[in-house]
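Q: Chain by chain, the residues:
Protein chains: 2
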Amino acid sequence: MTNRIVISDAVKHVGEVIAVCGWVYLRRDHGKLIFLSLRDRSGMLQIVVNASVSQNAYEATKDVRPEFVVKIEGIVKKRPENAIDKNSPVGSVELEAKNIEILAKAETLPFDMGGKDLNLELPTLLDHRTLTLRHPSVSFIFKVQAAISEGFRKTAQSLGCTEIFVPTIVSSATEGGADVFDLNYYIHKAYLAQSPQLYKQMLVPVFERVFTIAHAYRAEPSVTTKHLSEIVQMDCEFGFSDFQTLLDYAQLVGTQTLKYAQDQCGKEFNDFGIEKISFGEIKRLKLREAQEIIFKETGRDARKEKDLSPQDEIDICKWTLKNHKSDFVAITHFPTKSKPFYTHPDPENPEYSLSYDLLFRGAEIMSGSQRINDYQRLVSAIKDRGVDLKKFEMYLQAFKYGMPLEGGFSFGLERTTMKLLNLKNIREASLFPRDMERVDERFSH
Amino acid sequence: MTNRIVISDAVKHVGEVIAVCGWVYLRRDHGKLIFLSLRDRSGMLQIVVNASVSQNAYEATKDVRPEFVVKIEGIVKKRPENAIDKNSPVGSVELEAKNIEILAKAETLPFDMGGKDLNLELPTLLDHRTLTLRHPSVSFIFKVQAAISEGFRKTAQSLGCTEIFVPTIVSSATEGGADVFDLNYYIHKAYLAQSPQLYKQMLVPVFERVFTIAHAYRAEPSVTTKHLSEIVQMDCEFGFSDFQTLLDYAQLVGTQTLKYAQDQCGKEFNDFGIEKISFGEIKRLKLREAQEIIFKETGRDARKEKDLSPQDEIDICKWTLKNHKSDFVAITHFPTKSKPFYTHPDPENPEYSLSYDLLFRGAEIMSGSQRINDYQRLVSAIKDRGVDLKKFEMYLQAFKYGMPLEGGFSFGLERTTMKLLNLKNIREASLFPRDMERVDERFSH
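These protein sequence lines are chains A and B, in that order. With numbering that gives the first Met the number 0, the residue at position 318 of the first sequence is 317, and numbering never jumps. With numbering that gives the first Met the number 0, the residue at position 359 of the second sequence is 358, and numbering never jumps.
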């Protein structure tokens with residue numbers, strides 16, 4: 000057989016003999032005519048197996064079922080005008096098979112994978128994860144996810160951030176709280192990091208601006224649609240930045256990351272009917288201002304709450320989309336007490352803090368703050384929370400020896416993917432989701 | 000004060016008033032003349048504080064010590080020809096200070112940070128990590144590391160690999176062996192992944208070609224100069240690839256990754272006397288061939304050993320540099336029994352396997368293999384090792400439903416950084432190294 004080309008290149012070889020490799024997605028039998036849809040990393044191609052063209056190919060195709068891995072040699076033919084699949088970049092051609100070689104067999108699938116959607120309940124989707132991930136409506140999610148991470152890195156790099164790799168094994172719960180996984184670290188106890196927060200701050204005096212894509216672990220005994228035990232976080236931290244500049248960077252990174260994913264995956268967005276992002280004006284509202292607007296708009300009075308409720312987030316996003324044509328809105332100045340110890344209080348009103356959330360389509364996707372950069376104030380802030388200073392020795396060292404004004408933000412890769420693609424459950428946005436009930440296989444109780 | 004510019008832009012503003020921000024690296028006093036070296040993310044600038052030019056600036060500088068964070072306003076002046084620092088991109092100018100503002104103070108440093116090198120013992124280097132990382136001879140290591148990761152991603156993407164994010168919490172020791180960290184996962188036991196190996200393989204039928212930068216955990220109770228408990232791995236996996244093609248990809252990714260780092264950090268390579276990489280012909284030697292060469296060259300007979308010893312690796316690299324002008328050499332066909340269960344035996348001689356190591360300057364930096372892709376053979380291979388099939392249920396699923404010929408490789412980010420920069424201890428190549436004795440602070444026994 001001739002050497003393999005990727006499917007997306009087939010359109011360049013009309014009238015020529017080529018070979019392609021891939022997985023059989025669909026098989027349709029019409030007597031002496033069999034149609035296969037073949038999938039490789041670049042696309043999906045229609046294969047025509049015609050007994051009157053090649054008896055060999057026809058015989059070989061008899062046993063071929065979905066997910067068989069095959070190599071097919073044949074001639075690239077233009078499809079008739081009325082048979083062109085306009086949704087596919089190779090929809091104008093098909094391959095008339097001359098030879099088919101089975102490279103690997105597949106057992107009979109436990110469910111039909113041939114539809115445009117894969118209508119499975121979540122447990123089934125996850126029980127057969129290595130199989131269901133192959134379906135275009137599922138793999139598409141992770142193409143977009145890869146583009147989100149790439150968009151994030153490109154934007155962070157354009158702002159002069161250096162990539163850092165920080166550890167996930169830590170000696171204490173980084174941000175307080177009991178929801179931390181502990182592990183046996185030789186003869187000691189250690190913990191899985193709840194975030195790369197303290198490390199990225201420590202690296203401000205080294206690189207001034209840093210970014211990292213890091214795993215973070217949350218042991219909350221929670222089984223909501225929004226909770227995973229292991230997540231991937233995208234983090235930035237900027238030295239010499241005041242609060243408004245930090246907001247500029249947060250908005251830039253947030254919007255450019257999603258824009259990059261949308262641009263890279265335009266075809267997939269179309270195929271799966273994902274709404275285009277509205278990049279209007281991004282309003283910056285203090286929490287109290289947002290609550291006031293929500294009260295006016297809906298009559299629901301949450302003006303004394305210390306955070307927005309899920310319904311509040313939906314309502315304020317509706318308002319900003321309607322009035323400012325934006326899927327994004329920034330909420331600032333959350334109560335200082337409800338934020339981690341390192342959050343800088345607002346000098347004008349220390350009850351509130353220089354913190355911010357970036358909301359996107361009804362949910363927070365990014366969260367950040369100006370940090371306390373003064374060593375003595377930081378020591379006081381830690382003591383005020385009743386936390387042992389000993390646990391922050393190395394962290395405090397960074398502040399003892401010259402730390403400028405600084406701050407940053409963090410956003411969850413799965414959460415952002417989920418919101419952008421309007422998925423119902425965050426587990427759909429993780430290749431191999433970890434939760435209370437499952438590490439690949441479900442736990443038996 | 001005027002708005003800040005970054006130091007590397009100073010050369011564009013000769014004769015103008017600018018402001019820069021950064022950390023004081025050096026202070027030299029000459030009576031009414033004080034010189035400061037100021038460091039920001041873009042470079043290092045000489046500041047001249049002359050009492051006769053600005054008494055204000057001179058007074059403000061009196062208290063300024065190394066690592067103070069300052070903002071300095073002044074006029075950019077050309078330096079006299081004989082005072083130009085040719086090693087620095089801004090060495091042709093200096094800033095004559097008019098105003099100095101102290102943004103954050105630093106305590107007196109526990110050791111001198113002003114030399115070109117930082118001559119500290121490793122424990123001191125790590126005990127003061129947030130401080131020592133600021134020294135150019137240390138931060139340079141992590142600039143190079145960031146460039147290595149970027150070079151890896153760019154090369155993997157150029158080969159059509161999709162980025163994947165796979166979990167680090169797993170339900171069993173992935174590749175056998177007892178050296179695994181266990182953790183309390185809700186009411187269950189779970190483990191920290193020793194590598195992303197099994198997951199990247201499972202994703203071959205989804206994306207065909209994948210890459211990931213993943214954390215991996217090794218619990219060996221070992222304190223050698225080469226061992227870390229938590230590392231960062233760069234992994235690729237390719238479907239539809241035979242052994243020689245895999246070697247092509249491995250060599251391409253290995254060489255292009257390092258070349259990218261060398262190109263990006265040319266100045267730093269010069270400053271710290273890092274030898275340029277020799278990209279000659281990369282020989283592919285079977286283990287037994289390499290051992291034969293070593294025997295001929297050195298008289299040392301290791302022709303029956305199942306692996307190369309550290310000295311063997313040094314000797315074969317010497318030989319290939321001398322004879323083929325290459326810092327790289329590929330060693331293939333290690334004994335099947337010494338390799339993980341998923342390694343494909345050589346069909347021509349199943350005692351040896353389709354495995355390979357890429358050596359660079361006397362040490363293995365990358366390791367990979369063709370994998371067993373046939374479901375039944377994989378089941379047998381797992382059983383042969385006496386491992387419970389139940390533990391590989393999801394992994395095996397990927398092979399049950401159509402897995403083509405496939406293989407890949409992995410290389411350690413810290414190990415590669417260490418070899419490229421000729422560091423003595425791998426701990427120097429990790430921002431916050433984890434080992435038996437330390438998680439940031441040393442354990443007290």
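Hints may contain errors.
Claimed, not checked - When the alpha-carbon atoms are kept at most 30 Å apart in a straight line, the in silico DSSO-like pairs for lysine-lysine are as follows:
{"hint": "1", "chain 1": "A", "residue 1": "K153", "chain 2": "B", "residue 2": "K258"}
{"hint": "2", "chain 1": "B", "residue 1": "K390", "chain 2": "A", "residue 2": "K142"}
{"hint": "3", "chain 1": "A", "residue 1": "K317", "chain 2": "A", "residue 2": "K285"}
{"hint": "4", "chain 1": "A", "residue 1": "K11", "chain 2": "B", "residue 2": "K153"}
{"hint": "5", "chain 1": "B", "residue 1": "K225", "chain 2": "A", "residue 2": "K390"}
{"hint": "6", "chain 1": "A", "residue 1": "K153", "chain 2": "B", "residue 2": "K97"}
{"hint": "7", "chain 1": "B", "residue 1": "K153", "chain 2": "A", "residue 2": "K275"}
{"hint": "8", "chain 1": "A", "residue 1": "K77", "chain 2": "A", "residue 2": "K31"}
{"hint": "9", "chain 1": "A", "residue 1": "K225", "chain 2": "B", "residue 2": "K104"}
{"hint": "10", "chain 1": "B", "residue 1": "K97", "chain 2": "A", "residue 2": "K399"}
{"hint": "11", "chain 1": "B", "residue 1": "K153", "chain 2": "B", "residue 2": "K77"}
{"hint": "12", "chain 1": "B", "residue 1": "K104", "chain 2": "A", "residue 2": "K390"}
To be verified - Part of the chain A face toward chain B, derived, beta carbon under 7 Å:
{"hint": "13", "residue": "E66"}
{"hint": "14", "residue": "P204"}
{"hint": "15", "residue": "M393"}
{"hint": "16", "residue": "V438"}
Claimed, not checked - Derived contacts from chain B toward chain A, CB cut-off under 7 Å, selection only:
{"hint": "17", "residue": "A103"}
{"hint": "18", "residue": "T107"}
{"hint": "19", "residue": "F110"}
Just so you know, these hints were derived from the structure itself, not from any lab. Even for Gly, the Cβ is constructed at its ideal location relative to N, Cα and C.
Q: Does each hint hold? Answer for all of them.
A: Consistency of the hints with the structure:
1. Distance hint between K153 (chain A) and K258 (chain B) is fulfilled; the C-alpha atoms sit about 20 Å from each other, no more than 30 Å.
2. Using a Cα cut-off of 30 Å, the hinted pair K390 (chain B) and K142 (chain A) holds, with the two alpha carbons roughly 28 Å apart.
3. Among the hinted pairs, K317 (chain A) with K285 (chain A) is consistent with the structure: their alpha-carbon atoms are about 17 Å apart, no more than 30 Å.
4. Distance restraint check for K11 (chain A) and K153 (chain B): the Cα-Cα separation of roughly 26 Å lies within the 30 Å cut-off, and the hinted pair is therefore satisfied.
5. Annotation: proposed proximity of K225 (chain B) to K390 (chain A) holds, straight-line Cα distance about 28 Å (limit 30 Å).
6. Taken as a hint, the K153 (chain A) and K97 (chain B) pair is broken in the structure, with Cα atoms around 37 Å apart against an allowance of 30 Å.
7. For the hint pairing K153 (chain B) with K275 (chain A), the CA-to-CA distance comes to about 28 Å; that is within 30 Å, so the pair holds.
8. Distance hint between K77 (chain A) and K31 (chain A) is fulfilled; the C-alpha atoms sit about 21 Å from each other, no more than 30 Å.
9. Pair hint K225 (chain A) plus K104 (chain B) does not hold up; C-alpha atoms about 43 Å apart against a cutoff of 30 Å.
10. Straight-line distance between C-alpha atoms of K97 (chain B) and K399 (chain A) comes to about 27 Å, which keeps the hinted pair within the 30 Å bound.
11. The hinted pair formed by K153 (chain B) and K77 (chain B) fails the criterion: a straight-line CA distance of about 39 Å is larger than 30 Å.
12. Between K104 (chain B) and K390 (chain A), the direct Cα distance comes to roughly 23 Å. Compliance with the 30 Å bound is thereby established for this hinted pair.
13. Here the hint on E66 (chain A) is kept, as its CB sits about 4 Å from the closest CB of chain B, short of 7 Å.
14. A hinted interface residue such as P204 (chain A) counts as satisfied when its beta carbon comes closer than 7 Å to some beta carbon of chain B; here the least separation is about 6 Å, so the hint holds.
15. For M393 (chain A), the suggested interface contact is upheld, since its CB lies about 4 Å from the closest CB of chain B, less than 7 Å.
16. The criterion of a C-beta within 7 Å of any C-beta in chain B is met by V438 (chain A), whose closest approach is roughly 4 Å, and the hint holds.
17. At a threshold of 7 Å, the smallest CB-CB gap from A103 (chain B) to chain A is about 5 Å, leaving the interface hint in force.
18. A least Cβ separation of about 9 Å between T107 (chain B) and chain A goes past the 7 Å threshold, and the interface hint is therefore violated.
19. The interface hint given for F110 (chain B) is violated, since its Cβ lies 12 Å from the closest Cβ of chain A, which is over the 7 Å cut-off.
Taken one by one, the earlier hints fail for this structure at numbers 6, 9, 11, 18 and 19, listed in ascending order.
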